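All chains should be modelled from the sequences, with the hints used to inform the complete structure.
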Amino acid sequence: MGRRKALIAVAVTALLLIGATVAWEYFAVEEVSVVGSTHYTDEEIEDRVMTGLLGHNSLYLKLKYRDRPITDVPFIERMDVTINSPTSVTINVYEKAVAGYVKYLGRYMYFDREGNIVEASTDQIQGIPYVTGLSFDECVLYEPLPVEDPTVFSTILAITQLFDKYDISADRIYFSDSGNVTLYFGNARVILGTMDNIDEKMMKLKNIIPSIRNLSGEL
Numbered sequence: 004m005g006r007r008k009a010l011i012a013v014a015v016t017a018l019l020l021i022g023a024t025v026a027w028e029y030f031a032v033e034e035v036s037v038v039g040s041t042h043y044t045d046e047e048i049e050d051r052v053m054t055g056l057l058g059h060n061s062l063y064l065k066l067k068y069r070d071r072p073i074t075d076v077p078f079i080e081r082m083d084v085t086i087n088s089p090t091s092v093t094i095n096v097y098e099k100a101v102a103g104y105v106k107y108l109g110r111y112m113y114f115d116r117e118g119n120i121v122e123a124s125t126d127q128i129q130g131i132p133y134v135t136g137l138s139f140d141e142c143v144l145y146e147p148l149p150v151e152d153p154t155v156f157s158t159i160l161a162i163t164q165l166f167d168k169y170d171i172s173a174d175r176i177y178f179s180d181s182g183n184v185t186l187y188f189g190n191a192r193v194i195l196g197t198m199d200n201i202d203e204k205m206m207k208l209k210n211i212i213p214s215i216r217n218l219s220g221e222l
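Last residue of the sequence shown: number 222 in my numbering, and the count goes up by one each step with no gaps.
These are calculated hints, taken from the structure and not from any lab test.
Keep in mind it's a predicted model, so treat the numbers as computed, not measured.
All C-beta atoms in this analysis are idealised placements derived from N, C-alpha and C, irrespective of residue type, glycine included.
Each pair of labels, with its calculated beta carbon distance range: (1) D167 x R69: 30 to 38 Å; (2) G39 x I194: 34 to 42 Å; (3) Y187 x R69: 41 to 49 Å; (4) E146 x G55: 29 to 37 Å; (5) Y169 x G39: 18 to 26 Å.
With a Cα cut of at most 25 Å, we get these calculated SDA-like pairs of lysine to any residue: (6) K65 x E46; (7) K67 x E47; (8) K204 x L137; (9) K99 x Y177; (10) K168 x E117; (11) K207 x F166; (12) K65 x T54; (13) K209 x A173; (14) K99 x V150; (15) K99 x D75; (16) K207 x R192.
Pasting the structure below:
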């Protein structure tokens, strides 16, 4: 009787090992697609999602991330994992909408289109404008930046949208006390003034940027 139980145990163990081996090979991920990431490379996203010994097993990923988006990555609102097939997965990245950043206590404080601080980091992210000239006493994560005139964020949004439209990348946006806007490109600065005719100003600016980036002075 004892021998029979031992044989059964061995047989069950062997079947489990065979099943585990088949599952390991059958669900081994060979193709990963990353959609929507601009702050991180595809490899960086994969490293954050497909972690651990079973990180490249699609069955494990399906169970791990079922109804459970990833939300603890800087500059990322959330990430979802879609299993396309046993060997193929897609990681959908939904980034936080960042309009610009200010510096506060040695950190870069990134804010969204409404002026809410969405991220605090020691890393400076390329392509996001540095905004200066705003007065505030404190800067608290997930709270609005307490500036005197909150409509400035609508102005920042309009400017960044025109940056995208005309493929312009400024190093800094400066707001004077009177609300006039100055853009910095290296050591060169361009005074836009008010937002009147801002679209026309940006269109003209696009044509002169290549010739001013290596210059110093004011236009």
